[in-house]
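These protein sequence lines are chains H and P, in that order.
For the first sequence, counting from 1, position 106 maps to 107 in the numbering used here; every step adds exactly one.
For the second sequence, counting from 1, position 27 maps to 36 in the numbering used here; every step adds exactly one.
No wet-lab data here; the hints were simulated from the structure.
Ideal Cβ positions, reconstructed from N, Cα and C, are used throughout, including at glycine.
Check the hints yourself; a few may be wrong.
[Said to hold, decoys possible] Below, in silico cross-link-like pairs of lysine-lysine (DSS-like), each with a Cα-Cα straight-line distance of 25 Å or less:
id, chain 1, residue 1, chain 2, residue 2
1, P, K203, H, K335
2, P, K142, P, K98
3, H, K125, H, K109
4, P, K203, H, K505
5, H, K429, P, K200
6, H, K505, P, K250
7, P, K151, P, K98
8, H, K239, H, K428
9, H, K505, H, K465
10, P, K151, P, K203
11, H, K505, P, K200
12, H, K494, P, K250
13, H, K465, P, K176
14, H, K494, P, K151
15, P, K200, H, K428
16, P, K326, P, K62
[Stated by the list, open to error] Restraint-style ranges between C-beta atoms, simulated for each label pair:
id, chain 1, residue 1, chain 2, residue 2, range
17, P, D390, H, P378, 54 to 60 Å
18, P, D148, H, L274, 41 to 47 Å
19, P, E82, H, P378, 33 to 39 Å
20, P, S294, H, K337, 53 to 59 Å
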Amino acid sequence: MRYLFSLFLALSATCAFAQSLLIEAESFQEKGGWVVDPQFVEQMGSPYLLAHGLGEPVENAVATVNFKEGGKYHVWVRTKNWVPGNWTPPGRFRLKVASQLLATEFGKEPMWGWEYGGEATVQKGNNKLELVDLTGFDGRCDAIYFSRQQQAPPSELADLAAWRLKVTQKPAKPEKTMKFDYVVVGGGIAGCASAIAAAEQGLRVALIHDRPVLGGNASSEIRVHTLGIYGHFERILKMLDTKHYPNGSPEAYAEDQKRHRNIARYDNIEVFLNWRAYDAEAVNNKVQSVDASNTHTGERIRFSAPYFADCTGDGWIGFWAGAEFMYGREAAGKFKENWDEFGELWSPEVEDNVVMGSSVLWRSYSDTHVHEFPDLPWTKDVVGDYAANQGEWQWEYSNADLHQIDDAEAIRDHMLRAIYGSFANYKKQPKTERQRLEWVSYLVGKRESRRLIGDHIFTFNDAKDRTPFADSVVMETREVDVHFQENLVDPSKPDFLSKAMFYKTGKYYIPYRSLYSKNIDNLFMAGRCFSTSHVGLGGPRVMKTTGQMGAAVGFAASLCFKYRIKPRELYEKRLDEYMNLIQQQKIGYN
Amino acid sequence: MYFAGKGRGRKSWRGREARQRTLLLASLAVLWSFSLCARDGIADTVRVRQPLKFSGSWPAHPLYAADASVRFEDTLGVVHRIGRLTDSKAVPQGYVSHIETPVCSDTLCNLMDIRMFWTLSGSYWGFDTIPRKPLTKNDHLKFSEKDYEKLHELLMDEQSILRRRHKDDLFDKEAKRVSNVVDAVTGATAKEVKEAVVDGAVYSSYTIYHLVHSQLAAVIREDVRKHLLPGLAEKLINSDKVDERIFLIRELEEGQLPDYTGKMVETIPMAIPRDRLYIMKKLPSASWNRKDVQVPVAGMAEFLDIYSLSHFLNQLKAADTLYVDCLRKLSERLPYFSVNQIRTYLSLLERDQSFLKDPAIVKAVKETAADPGYQYRSYLDSFLAKNQLSQ
């Protein structure tokens, strides 16, 4: 997978090819209204800038670029038409080079690739570049390439990655290494809880997160409220959770601030915001290091530690390190998880790749004055006549053809079409003139993707039978709640809406053995990538429960560090001490 | 006065008697016409009239209900008797039950009196009211025609919100919470429930829904499994009710599948996406090598949902033998494939040079690639170039 990882050129860096220059869009000094989107690096090669203006063109992104030689250059922009079809592409933008607005509109070719922008004249020294959005409908720019020669950079992903390495003259490994006692990758509720728990026990912790704010699905960027119970970890989780406001509520901003304030209280947690992990090196089934790059500057750091926690949601650290994992729905017979009430929707006779989908939440509001919203032909085949003015958890997309990781950009883009199209239809209704889009997330709020395999695989039966474990460190009372797409049972329904199935149960438990990798000796996991079956995930996938997992793992890491033992050995040799530490959390709080 | 009176009285009595007789006969006739059933000379069965509401079709020939083929005690302790519905030759056609059950809310506990019908797969078929016992709401108002239609719609919705909610969760407990930033949280759950049920009859709707779809349906399916299969297998697999076909397919064991492959394929386009995928997954792996499976399924591609179409393409990928007729039919759908489906389809074409020489296939690929609005053009262009088909 290494070839997929993009490297970045600092703006002032000299290019290997004297007469050419590569500028990564995400490294523009002023982003204007453009936002950095690093969600799909593994699929398309790099973070990129997105003009997410909800239909209103965003402010220009601006960079100052130093050219060693003045004169005419050929210009290419790496971009894509995100909704190809027989209509005007929605995500168009232009490029201004040294006050000269290039005639070419970019964002018109299907698939990620280099679009030629003609020639531009620059002067020796500093020149101003500007990305000029034309639509507000999610135009995207990955990079800009200037060259004296009319030779486009490669488009194939592997070739492009190699070319980027070559032109930026960067070594394969990060230039900088940092050592910690415990490295937590993923700053969602699970990751934050894990960092706090370990830090309270004295470990020096790195918390690596690819967004500017902590909280993951609970952050103001995605805005899902936290559900579940606190279990043993009320004190820690109350530093991180949210109120039970409606999903999508701007109240999430206040919770972001609370979360950041609380994490900042721990001197021994070093938070790396806007750092995205892109590789993990494992030797003899032990993770040695995790490499991460800054999503804005391209700077890279190698993080080494004796213990790592994969709180990425997608199980990336485990995946790169070679951990065993599962994806999709297991056959009902595999873990005996069938429930006649819902049959195939709950657990299929034959395994498949269907999983619960990702949500993109959104809101609109009634303003004091009229707002126009255009008719959008490029949404019609997704929404038909469906009309809406907000989207809650039911706005969820998944099908057997889509992989929640590999096809994540397609999933997000489909949801954007669903949202814009539904709102355009809504605006055609009477008395909607003042309604205006307020907020549409551009991040996919995932429910399910890779699940790393631990010594115990938590299943529906563990919840249903309320199995008591000697190592029960997480508890939950929430129903087992598995989703399916509405159009599976009613083809007339839009494909972006889901329904939930609930199995009510009493309090159930998750054992510690579901929170470390079966075959990677120093890897913990917490969050939706913990060791569970598809149906088993239905209950504990909510964020207070995943937060419990994180805290449990953080405390486990502290004892493993203390005794220099593997996570499995903690269960085998030091379980009493570990469970006492877990129990003390609740006692101490009460 | 007396006699006269007596005489008039007698005459009057006779007249009254005649009128009463007439009234009685008329009443009986009315009752007869409104009654559920009529004796029709078949031992232990009664003839059943067409119900007030039913889904799909109702047989033109008469149906007869056997009394209490199955008994079932529900969670409230009410014993339900379910009778098989048969035709005049005693061939089972469905099930019927006269349901009298308490419907309780916080303050009321009414009785609901209704006659329910199921297909042989235990799916909801229809319902009928009992003469002089119309359904009522919580406030004792009689159901209107609109209410009966709503109830029918609800019962036809196999995946109604009611199925997924516990009785205690019909109303959002947090409905009155107020937010500083947004309006009061009015509770999407309550709204969803309200939209699904008969207005003013939440608990009646809930109770009857769960009896029909969960408890009694399961009992019916068990009766069919235990007492009617395998004798009914041919009837079920040839049924015009897709639920009955699916039920039979679910019951098939591995060794029986080859005999039913053709019928399973025939059922695919009749089914909803969930069941299409189920049927396709149940088809034996070896069957995907058969021309009489590949070609008909490819011919259905236009009507297949993304789940079943992707599954089909993946089965073709795993198959040892591919038929050009199948790939040719699929080529007609090329502009509508997803990117992953395109990748799979192109990989199928590359398995055999003869596929790449098929004029219809090549034409379809080229024409699709030539559409400037086609989103996966680059894949097709690369494919054509790689296989030297660009010219």
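Against the structure, the hints:
With a C-alpha separation of about 38 Å, the suggested pairing of K203(P) with K335(H) is violated against the 25 Å cut-off. Simply put, K142(P) and K98(P) have alpha-carbon atoms about 32 Å apart, too far for the 25 Å limit, and the pair is violated. A threshold of 25 Å between alpha carbons decides the hint, and for K125(H) with K109(H) the separation of about 31 Å lies outside it, so the pair is violated. This hinted pair checks out: K203(P) and K505(H) have alpha carbons roughly 22 Å apart, not beyond 25 Å.
The straight-line distance between the Cα atoms of K429(H) and K200(P) is roughly 24 Å, inside the 25 Å bound, and the hint therefore holds. About 33 Å separates the Cα atoms of K505(H) and K250(P), which puts this hinted pair outside 25 Å; it is violated. The hinted pair formed by K151(P) and K98(P) fails the criterion: a straight-line CA distance of about 39 Å is larger than 25 Å. Between K239(H) and K428(H), the direct Cα distance comes to roughly 40 Å. Violation of the 25 Å bound is thereby established for this hinted pair.
Of the pairs offered as hints, the one joining K505(H) and K465(H) holds, with about 8 Å between alpha carbons and a cut-off of 25 Å not exceeded. About 18 Å separates the Cα atoms of K151(P) and K203(P), which keeps this hinted pair within 25 Å; it holds. As the CA atoms of K505(H) and K200(P) are separated by approximately 21 Å, the hinted pair is consistent with the 25 Å bound. The hinted pair formed by K494(H) and K250(P) meets the criterion: a straight-line CA distance of about 22 Å does not exceed 25 Å.
Using a Cα cut-off of 25 Å, the hinted pair K465(H) and K176(P) holds, with the two alpha carbons roughly 19 Å apart. Between K494(H) and K151(P), the direct Cα distance comes to roughly 32 Å. Violation of the 25 Å bound is thereby established for this hinted pair. As the CA atoms of K200(P) and K428(H) are separated by approximately 22 Å, the hinted pair is consistent with the 25 Å bound. A C-alpha spacing of about 46 Å is found between K326(P) and K62(P), which places the hinted pair above 25 Å, so the restraint is violated.
For D390(P) and P378(H), the Cβ-Cβ distance of about 25 Å falls outside the hinted range of 54 to 60 Å, so the restraint is violated. At about 58 Å, the CB distance of D148(P) to L274(H) disagrees with the hint of 41 to 47 Å. Roughly 58 Å separates the CB atoms of E82(P) and P378(H), a value that falls outside the hinted 33 to 39 Å. The beta-carbon spacing between S294(P) and K337(H), approximately 24 Å, falls outside the hinted interval of 53 to 59 Å.
Hint compliance for this structure: hints 1, 2, 3, 6, 7, 8, 14, 16, 17, 18, 19 and 20 are broken, all remaining hints hold.
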